[in-house]
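J.: Starting from the structure of chain A, add chain B with the ligands where the hints point.
Chain order of the listed sequences is A and B. Sequential numbering from 7 applies to the first sequence in the numbering used here. Sequential numbering from 3 applies to the second sequence in the numbering used here.
Hints should not be assumed to be uniformly reliable.
Distance windows between CB atoms, simulated [to be verified]:
1) 18/A with 109/B: 45 to 51 Å
2) 102/A with 68/B: 35 to 41 Å
3) 278/B with 109/A: 39 to 45 Å
4) 99/A with 107/B: 37 to 43 Å
5) 137/B with 161/A: 40 to 46 Å
Hints in this document: simulated from the structure, not taken from any laboratory. Just so you know, even glycine gets a beta-carbon here, dropped at the ideal spot from N, CA and C.
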Amino acid sequence: MTGDEAHRIAAELLYREALFLDERRWDEWLALYDAHPEFWVPAWRTDDTPTADTSTEVSLLYIASHLELAERIARVRSGKSAASSSLPRTAHIVSNVLAEMEGDAIVARSVITTQIFNIPRREQHIAITRCEHRLAAVGDGWRIKRKKMLLLNDYIPTMMDFYTI
Amino acid sequence: MKPIDIEKMIDDRPNDGIFRVHADIFRNEDLCELELKHIFEGNWVFVGLECQVAKPDDFFTTYIGRQPVIVARDSGGKINAFLNACRHRGAMVCQAAAGTRKHFVCPYHGWAYDSGGRNVSIPALAEGAYPPAFAKEDHNLRPVARFGNYRGFLFASLNADVLPLEDHLGEARTFIDLVVDQGEDGLEIVPGTVNYTFNANWKLQIENSADSYHFVPTHLSYIQLLGQRKTAEAAQRPSYLSNFREVDARRGSFTFAHGHNVLWGANDNPESRPLYRDIESVKRRVGEMKTKWMFYTRNLLIFPNLQLLENASLQIRVNRPLGAGKTEITTYCIAPKGESREARTLRIRQYEEFFNPSGLATPDDTVIFESCHAGQQSDLVDWQQGYMRGLGAGDPAISPEAVELGVTPVASISSSAGICDETLFHGPLREWRARLTRALGGAPT
Ligand code: FES
Ligand SMILES: [Fe+2]
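Excised from the complex, chain A in its bound form (with noise of 0.2 Å):
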């Protein structure tokens, strides 16, 4: 496959994934992910260096099973959780793709901002992440099998969940 190719499918993925999460179309998002996916944003380990082994150190989100994901939908669809009941308005903007082969796989790095609106305290703020999405082939087509996001600010206001992020 050339560059150009896996540039194109890379960030069209991402654009899908920022729509679907966007839209709250969540049974879409989650068939963007493999079987078996992980899901990850590290914490720090000091100002400048993230935590780099998810099992000897603390992430500020791992999730390493389509079950967890699903999960997580269930909680947001339970309306029994007030994180998550009110749910904000947000716009995950990808830039800065860079898209490789490695090996079968297609690895695209990017920044991804996401614009989050918390309705009813009528506030905003921004995630403001690096991140690496690892895609396989399977079938005709391409799946994420790892999402890796360095989240830069890492104070959080409130919360953070797989939607604002």
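T.: Then chain B with the ligands, alone, in the frame of chain A:
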């Protein structure tokens, strides 16, 4: 600032079966100013752990109330805490969160201090035509008024007129011991910093951790999810199953002097805990009884800013008011040194899942605090009614658990879970009132 009558903030008449709290204590900015001055900057607060400054010249920076401080181990090995403010013109001499430095050199005019806070250089001192009086001044970074270390837990006070640290902690130390003694070689912090804020008063957080009444309604989505995991593929992912769900589980509390308290719950599934892998060696070291307590759910408050929480796993949660309606939380995942990699990973997953601001439990609390803060602005709803559950249960006698642990708290309650006692909140509030009353020149009650 208009005068505030602290005594009028709490309607405390236990003999009449009354304990009410005025909403002003959660919303009044002038009161928050007094709290910062007299509670956070006027008495002992937790500042960090000894393991954060393990080697000579290690340091970390933090805040006591609004005031920036450096905690550092000097080259000789002694741990000190001093204000992070240059004696020349007040610039912070260190911006980093943590590190190892022999010297702190002020970026402004280059005054330098060693890791013990002593001034070691004033550039161009000889040429400076300083008057004689200058030489008589102390140029060292200003040390905190009192500094103490209880088993690796570091505390500081900006006011010298406080109790010795051990007396301040009193018998609440038993519950720090139950954490420190889990590892043969003590505790360590699992790397990874977690900081968040919420737009509500800091006291909502310290009350929430002592509040068993909220657990089921607030965390229903989490409880349901845990229930489904029992049956689903979830077996592959051991997760903490809260014993708060089991209404019959024995549960209780201790109120200690000086505002400290503990909510505890018996634990019917100790095998879900990372420490379970080492249970035999723990028993040999501390005995059956203490081991059992290490597996109980325990939410300890060391008034005003330290919470040591063990349920899903072990958390240090430190609160700092940024205003009446804004609180900063810093958390640490702590663990016995030298536990197996498997236990460590389980601990980390449980910690993230329960306690993180991205977790399945904590965000439901913090979002509700914000909703409380909004509701508490209502002028017509001044007296809060959330302090009376359990007040009709009669004298809080010494519970069998107090006898078992060999402590004599101010109050200890032990019951079935249904009572969801709220008298546990009274201790911190009475300490709050006593400190502010004393600071404002009134007679302590
Ligand atoms: S303010 Fe520090 S040297 Fe001048
Ligand atoms: Fe809670």
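J.: Out of the numbered hints, which ones does the structure contradict?
T.: Failing hints: none at all.
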